[in-house]
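Order-wise, the sequence lines are chains S and Z. Residue numbering for the first sequence follows our numbering, beginning at 38 and increasing consecutively. Residue numbering for the second sequence follows our numbering, beginning at 38 and increasing consecutively.
Hints should not be assumed to be uniformly reliable.
Identical copies look the same in the list; a pair holds intra-copy or inter-copy alike.
[As the list claims (entries may be wrong)] Below, in silico cross-link-like pairs of lysine to aspartate or glutamate (DMTMM-like), each with a Cα-Cα straight-line distance of 25 Å or less:
1) Lys300 with Asp316
2) Lys133 with Glu206
3) Lys311 with Glu291
4) Lys315 with Glu367
5) Lys315 with Glu291
6) Lys307 with Asp64
No lab work stands behind these hints, which were simulated from the structure alone.
Here is what each chain is made of, one letter per residue.
Number of protein chains: 2
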Amino acid sequence: MSKLVRVAVDAMGGDHAPQAIVQGAVDALQMRNDLFIFLAGREEAIRTELAKYTYPAERVQIVPATEVIETGEPPVHAIRSKKDSSMVAALGLLRKGEADAFVSAGSTGAVLVGGQLFAGKLKGVERAPLAPLIPTAKGNALLIDCGANVDARPSHLVQFARMGSIYMESIMGVKSPRVALVNIGAEEEKGNALVKETYPLLKACKDIHFVGNIEARDIPAGQADVVVCEAFVGNVILKMYEGVGNAMIKKIKEGMMSSLRSKVGALLIKPALKATLKDFDVSQYGGAPLLGLKGLVVKSHGSSDANEIKNSILQCIQFKEQNISEKIKEHMNTEEER
Amino acid sequence: MSKLVRVAVDAMGGDHAPQAIVQGAVDALQMRNDLFIFLAGREEAIRTELAKYTYPAERVQIVPATEVIETGEPPVHAIRSKKDSSMVAALGLLRKGEADAFVSAGSTGAVLVGGQLFAGKLKGVERAPLAPLIPTAKGNALLIDCGANVDARPSHLVQFARMGSIYMESIMGVKSPRVALVNIGAEEEKGNALVKETYPLLKACKDIHFVGNIEARDIPAGQADVVVCEAFVGNVILKMYEGVGNAMIKKIKEGMMSSLRSKVGALLIKPALKATLKDFDVSQYGGAPLLGLKGLVVKSHGSSDANEIKNSILQCIQFKEQNISEKIKEHMNTEEER
Chain S
38 MSKLVRVAVD AMGGDHAPQA IVQGAVDALQ MRNDLFIFLA GREEAIRTEL AKYTYPAERV
98 QIVPATEVIE TGEPPVHAIR SKKDSSMVAA LGLLRKGEAD AFVSAGSTGA VLVGGQLFAG
158 KLKGVERAPL APLIPTAKGN ALLIDCGANV DARPSHLVQF ARMGSIYMES IMGVKSPRVA
218 LVNIGAEEEK GNALVKETYP LLKACKDIHF VGNIEARDIP AGQADVVVCE AFVGNVILKM
278 YEGVGNAMIK KIKEGMMSSL RSKVGALLIK PALKATLKDF DVSQYGGAPL LGLKGLVVKS
338 HGSSDANEIK NSILQCIQFK EQNISEKIKE HMNTEEER
Chain Z
38 MSKLVRVAVD AMGGDHAPQA IVQGAVDALQ MRNDLFIFLA GREEAIRTEL AKYTYPAERV
98 QIVPATEVIE TGEPPVHAIR SKKDSSMVAA LGLLRKGEAD AFVSAGSTGA VLVGGQLFAG
158 KLKGVERAPL APLIPTAKGN ALLIDCGANV DARPSHLVQF ARMGSIYMES IMGVKSPRVA
218 LVNIGAEEEK GNALVKETYP LLKACKDIHF VGNIEARDIP AGQADVVVCE AFVGNVILKM
278 YEGVGNAMIK KIKEGMMSSL RSKVGALLIK PALKATLKDF DVSQYGGAPL LGLKGLVVKS
338 HGSSDANEIK NSILQCIQFK EQNISEKIKE HMNTEEER
């Protein structure tokens, strides 16, 4: 039993819960023999979903919880008051050490608050950033921070840069990942007070490969592997991906339907276009980790389907194998000793 | 003579200067009889370009200037030290009242510094925002501020909202334009200190149609006509348009070249796709005004071609006809009396 990676899944979180969540969990179990899954939520509903599949029952456990935290609820209040919610039940397992990782497609705010509260920050970590992978022309990059804790300090951004580097190197296999600071110009003297103060600190960091400032236009082009910014800016970047992408796709579709000639063309390019657009879908990577915590916390997209949930769960195995929390802990303590 | 709109053009600013600048000026002159253009820059070079066209010579005047401010130069130093530059020469005409408007495709930083220094801010205006039009699924929206003055205060954002409303109503003909504040969630209590303080101020504004917070993903969808944010965030939004757009187009082109079938399809949809992508090109609108100044200052895209320069110049006539500076002045003084 000790070699199993134990993932506590919030079975009620997300637009397609519990169907997509249970299906994703079953798919993950079928792919890996070293996986154990807790499904937290309404027992009846979960049983009904599970009954649809053949699965290794000895590696699944339902954790009954009657309440559900909704997306619109104020996070802190929701986490504190809904003690019998699927999210709090799953997070409880993480806190008690009965689970190694926690996955939820529920309220981002609640995952951020709950993750920090239940898993606890690693020694030396000032703030836990939410760090999704974003698509670029060259593959992908880690955007750190996209969380809910805005008004960051320079020391936070430096920690984001170091945690992001460890992630890209350990999990994504990028050697000496290029770290860049989001700014409104490439020159060192540009920017607001936060980035001006952060720049020299990053430059002085010996354990990261800092390549300087990056303008937002160069992020999708893939000019950095770790894109460092405070959460407000990170949120804008992430949502502009989605917004510009969707608006362009809509326009392209309208354009393709504008004449018979273009309609025929549209039919012919459809398969190629579909593959392309999938490449640029921010949600393709499954979950975004909340880094710097003692336990593994992964936030999956609210609209996650079974495939995304499966990927988020499988990601946890990799996190555990790579000992990502341990690596961050070591690095953060090195920093303190400098 | 008094009815002519007099535009001082920096003939040496931009990637395609002086060719594209002079050509755009000539095109504008041929479209409007009520236009007079000063072309500031190297006399020989401008004469050589002018010689290529037939144009109303009585409505053009060359203003000799030997220096050019380059994009990389620190703006304040450049404006102060290059007294004989095309930009300073053109701005000088605006200050002396010999020109009604100033257009440049040169260094954004230098235009912002020079514009404020030479044209001067209107009474009551705390900060002059750079406000480009951005494409949306429903047409376009004004993104205010995208300038170089970061770390804004709530009172600045309120002024941006009011100036932006006047612009969209007077110049773009949008009745009661919807004003929204860029935030990381739609709820009032979300965001950083700046937007939390700004929200109630905008809500209390009687002369604008405030519709609340807007998430970045809803900007390209066209959910607001005036998108209010501080300059750092505005810059990120503007450049994400460009970055995501370019990366997607590149991917789509690669996708279309991936098979014979898709290559044939690509040929068929090419005209329709081209029209679509033009719709989503941020640079299509010509220039972005620097609002809140006594004179009209328009920053044209650095890569402007003749068509964009022509549009930027023609825009000045509309600004002058609509008395945009006068309207902003009136509103800002109303605010002070409240």
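Can you list which hints this structure breaks, lowest number first? 2, 4, 6
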